[in-house]
Amino acid sequence: MKFRFIFAAPVVLSLLAAGCSQKYSTIENGLYINEAAPSGQFHQQVESLVVRGETTVTIHLRLAQPLDVDVHASLALAPELVEEYNSINGASYVPLPEEYIDFPADVVIPAGSISSDPVAVKISEFPTGNGLAYCIPLKIASSDADVRIMEASGHILYLITTPLMQVVPTMDAGTLPQTAGDWNVATSEWTLEAWVWMSAFPINNQAIFNAPVSKGTEIYIRFGDADVPFDKLQIKTHGSQFNSNATFEPAKWYHVAFVCANNKCILYINGQEDSSMEISGNDYVINNLQLCSSGSYFRAQCKMAQVRFWSKALTASAIQDAMNREVPASSEGLMGYWKLNEGSGNVYKDSSPNGRDMTCDKAPSWSSDMIDFTDPNASAE
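Read in the working numbering, the sequence shown has 342 at position 342, and its numbers run on one by one without any break.
Treat the hints with caution; some may be incorrect.
[To be verified] Below, simulated DSBU-like cross-link-like pairs (lysine-lysine); rule was C-alpha separation at most 30 Å, straight line:
no.: 1; residue 1: K236; residue 2: K122
no.: 2; residue 1: K232; residue 2: K215
no.: 3; residue 1: K312; residue 2: K252
no.: 4; residue 1: K236; residue 2: K215
no.: 5; residue 1: K122; residue 2: K215
no.: 6; residue 1: K215; residue 2: K252
no.: 7; residue 1: K139; residue 2: K122
no.: 8; residue 1: K252; residue 2: K264
no.: 9; residue 1: K122; residue 2: K264
no.: 10; residue 1: K339; residue 2: K312
no.: 11; residue 1: K252; residue 2: K139
no.: 12; residue 1: K252; residue 2: K349
no.: 13; residue 1: K312; residue 2: K264
no.: 14; residue 1: K349; residue 2: K362
no.: 15; residue 1: K236; residue 2: K264
no.: 16; residue 1: K215; residue 2: K139
no.: 17; residue 1: K339; residue 2: K264
no.: 18; residue 1: K362; residue 2: K339
no.: 19; residue 1: K264; residue 2: K215
no.: 20; residue 1: K349; residue 2: K312
no.: 21; residue 1: K215; residue 2: K349
no.: 22; residue 1: K139; residue 2: K232
no.: 23; residue 1: K362; residue 2: K236
no.: 24; residue 1: K122; residue 2: K252
no.: 25; residue 1: K236; residue 2: K139
no.: 26; residue 1: K349; residue 2: K339
no.: 27; residue 1: K236; residue 2: K252
no.: 28; residue 1: K232; residue 2: K122
no.: 29; residue 1: K232; residue 2: K252
no.: 30; residue 1: K312; residue 2: K139
[Unchecked claim] Beta-carbon label-pair distances, calculated as ranges:
no.: 31; residue 1: D144; residue 2: P353; range: 50 to 58 Å
no.: 32; residue 1: G333; residue 2: A141; range: 52 to 60 Å
no.: 33; residue 1: E28; residue 2: G90; range: 36 to 44 Å
no.: 34; residue 1: S214; residue 2: V167; range: 14 to 22 Å
Hints listed in this document are in silico derivations from the structure and should not be mistaken for laboratory results. Even for Gly, the Cβ is constructed at its ideal location relative to N, Cα and C.
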């Protein structure tokens with residue numbers, strides 16, 4: 001999945017006009033990374049990059065108009081870009097350690113040319129499984145030419161994603177996974193997110209999540225109601241309920257996320273806001289979480305992966321950013337994190353430090369094939 005984040009930056013129309021000039025002049029000239037300014041827009045500086053083993057990407061250093069001398073420029077890592085991106089997007093990226101990155105420090109744009117040769121940025125295979133989100137922040141650090149380095153497009157940030165691949169459980173009416181004891185977690189905001197797959201929508205009240213509470217009324221999420229189509233998702237909480245605008249297809253993976261805060265509950269499907277509702281309160285005391293909890297009334301089969309329950313409201317960008325990858329188990333606000341990748345048995349381990357494992361009444365069946373959650377529906381075909 002590729003997405004772009006746009007920083008506020010001036011539109012450099014003068015550079016486009018200047019690019020047509022045949023004069024070798026420094027007036028209104030600029031030095032930038034071509035890949036950070038696609039189609040001459042000069043404002044795209046973030047790119048998602050799916051890495052499978054050793055990977056090489058190429059960039060080009062470019063001038064708005066040529067000079068009659070060689071231009072020597074230096075490339076460097078720019079960790080300050082990471083802090084800025086994380087702050088704006090509510091993300092938690094960390095720079096990939098330098099030993100896994102190789103690129104030339106010096107780049108030349110030949111006299112009379114507006115572009116360097118391709119510059120290879122080589123990424124070595126690096127350890128995964130720790131849930132850390134890595135990135136590579138690059139910038140033009142300096143040049144020997146009397147041209148300015150463009151503020152917006154003089155740097156680029158690669159967000160690195162390694163494919164999230166795992167086995168998954170298939171649950172039915174008898175599985176009933178749930179945690180033990182009372183959590184007694186008081187919170188004024190929460191997020192519940194997961195990948196969900198339903199074999200069919202044969203009847204209403206197919207509950208996929210149920211979070212018993214001692215304050216704030218229920219958190220009850222199901223497909224279908226008495227007057228709601230069976231293939232629409234519904235949440236009941238704080239004495240109200242609302243349904244998804246989207247209809248769900250059987251045998252298809254969806255990422256769903258419910259976010260409640262500031263007297264409002266929002267449903268995101270595949271990272272996009274689908275529907276919302278104003279609610280009467282914010283205060284909850286959450287005690288448990290159950291999956292597929294309709295008992296004998298649960299007529300379908302359900303697969304899930306990467307169930308995360310947060311005591312904070314995730315932003316849309318944070319949901320989009322992490323839905324196709326793992327997150328660090330120590331992430332702030334995780335009440336519970338069930339990857340559902342055990343491959344056997346009847347216990348879903350809580351990867352967070354809270355130890356809130358789920359135990360199934362009977363063991364689910366486990367897939368023999370790995371699902372690639374970069375695009376789970378493609379991998380399932």
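Hint check:
no., hint, result
1, K236 <-> K122, "49 Å, violated"
2, K232 <-> K215, "27 Å, holds"
3, K312 <-> K252, "28 Å, holds"
4, K236 <-> K215, "14 Å, holds"
5, K122 <-> K215, "53 Å, violated"
6, K215 <-> K252, "35 Å, violated"
7, K139 <-> K122, "16 Å, holds"
8, K252 <-> K264, "28 Å, holds"
9, K122 <-> K264, "45 Å, violated"
10, K339 <-> K312, "19 Å, holds"
11, K252 <-> K139, "41 Å, violated"
12, K252 <-> K349, "25 Å, holds"
13, K312 <-> K264, "13 Å, holds"
14, K349 <-> K362, "15 Å, holds"
15, K236 <-> K264, "13 Å, holds"
16, K215 <-> K139, "50 Å, violated"
17, K339 <-> K264, "27 Å, holds"
18, K362 <-> K339, "18 Å, holds"
19, K264 <-> K215, "17 Å, holds"
20, K349 <-> K312, "21 Å, holds"
21, K215 <-> K349, "26 Å, holds"
22, K139 <-> K232, "46 Å, violated"
23, K362 <-> K236, "27 Å, holds"
24, K122 <-> K252, "36 Å, violated"
25, K236 <-> K139, "48 Å, violated"
26, K349 <-> K339, "8 Å, holds"
27, K236 <-> K252, "24 Å, holds"
28, K232 <-> K122, "45 Å, violated"
29, K232 <-> K252, "14 Å, holds"
30, K312 <-> K139, "34 Å, violated"
31, D144 <-> P353: 50 to 58 Å, "51 Å, holds"
32, G333 <-> A141: 52 to 60 Å, "36 Å, violated"
33, E28 <-> G90: 36 to 44 Å, "37 Å, holds"
34, S214 <-> V167: 14 to 22 Å, "35 Å, violated"
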